[in-house]
Amino acid sequence: MTPLVSGAIRAPYDLIAWLIGLWSDALYAVGEAFGIGMLRYVFMHHAFLVGALIAVMAPLVGTFLVHRQMALIGDALAHTAFAGVAVGLFVNSVLGTGISPYVTAVVVAMIAALAIELISEVTDAYNDVSMAIVLSTGFALGAVLISVNTGGLAVGINQYLFGNLATVSRENAVLLVVLFLLVSLVVTVTYKQLLYVTFDETAARVAGIDVAWYNRLMTTLTAMVVVGAMQIMGVILVAAMLVVPVAAAAQLARGFRESLLASVVLAELAVLVGITLSYRYEATAGGTIVLVAVAVYVVAVLAGKIQSRRGVSEEAGTGTVAREIDAGTGEPTDD
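Under our numbering, the first residue of the sequence shown is numbered 24, with each subsequent residue one higher.
These are calculated hints, taken from the structure and not from any lab test. Don't take each hint at face value.
[As the list claims (entries may be wrong)] Restraint ranges, calculated between C-beta atoms of paired labels, are given here: (1) Gly58 x Glu144: 33 to 43 Å; (2) Ser170 x Gly327: 27 to 37 Å; (3) Ile59 x Thr160: 14 to 24 Å; (4) Phe57 x Val322: 25 to 35 Å; (5) Leu45 x Val114: 51 to 61 Å; (6) Ser192 x Gly231: 38 to 48 Å.
Beta carbons are placed, not taken as given, at the ideal position from N, Cα and C, and that holds for glycine.
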């Protein structure tokens with residue numbers, strides 16, 4: 024890599040790292056001011072930052088996936104991201120390179136995302152078939168690489184399977200910020216096209232939209248979100264952040280945009296409360312966050328049912344009053 028290219032890459036990295044440092048200093052100051060012990064640790068600063076960004080990224084993409092009935096693609100890409108981690112660890116062990124396993128996870132997950140679309144297009148198979156094939160292949164590749172390596176890749180692999188707050192380094196936080204910026208920018212720029220393709224592919228084709236290209240774009244964005252969330256959620260539970268907050272928001276919201284915004288708010292609640300409880304009780308971060316998200320979903324379902332029944336009751340009351348007026352009973356009273 025030439026010094027010019029290296030400098031061009033290093034400058035944005037240093038800027039993001041500096042901003043993360045400011046975030047860390049701010050949280051430390053809050054911890055000192057209010058006596059919050061967990062905010063005195065740098066790894067918790069990184070965990071809260073990564074969690075907050077994931078809570079925005081996941082619903083941004085997950086809302087489109089859920090409405091397209093592709094909720095399980097997150098699970099498929101998570102398992103292939105695990106293979107990417109195994110590739111990174113294997114290359115580091117054999118060749119002695121210092122490449123981050125999360126970088127190789129991004130590359131492998133994006134290749135897998137494109138493979139899902141390619142299999143569906145070439146073989147006319149349903150999406151769930153291509154997802155199952157890619158999921159199995161990815162997890163098998165990861166398992167083989169771990170088993171054949173004499174250096175013992177299995178050591179510390181649990182952090183990738185279940186997530187670990189203490190392993191969120193500044194370098195990983197920088198990677199997540201970059202992924203967050205990319206996903207947010209792409210979704211913002213292509214929002215109308217993605218919405219069109221999500222609800223009516225046929226009409227989108229008639230309108231001249233390249234549906235296949237936007238399908239590939241959506242799966243690629245999903246791969247980015249999966250790898251970013253894998254740092255604290257782990258491979259096994261990462262798909263939950265793409266689905267559960269969106270499903271909860273659907274119980275309360277009426278329109279697509281409202282559902283997207285509500286899912287971000289609910290995801291933030293689940294992540295921040297989950298990370299706090301995980302630290303407090305020394306529990307697995309990913310599992311705790313998912314349990315909180317499921318609890319939020321249950322509350323949202325109950326709230327939605329109550330809201331629905333109240334709306335039915337009001338409509339029934341309005342209908343009764345209207346019939347009485349039509350029957351000539353006079354103006355309705357407050358009684």
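Hints, one by one, checked against the model:
Range check, glycine 58 to glutamate 144: about 57 Å between beta-carbon atoms, so the 33 to 43 Å window is missed. Checked against the given bound of 27 to 37 Å, the beta carbons of serine 170 and glycine 327, roughly 46 Å apart, lie outside it. Roughly 45 Å separates the CB atoms of isoleucine 59 and threonine 160, a value that falls outside the hinted 14 to 24 Å. For the pair phenylalanine 57 and valine 322, the supplied restraint of 25 to 35 Å holds, since their beta-carbon distance comes to about 27 Å.
Leucine 45 and valine 114 have their C-beta atoms about 34 Å apart, which leaves the hinted 51 to 61 Å range violated. For the pair serine 192 and glycine 231, the beta carbons lie near 45 Å from each other, so the given range of 38 to 48 Å is met.
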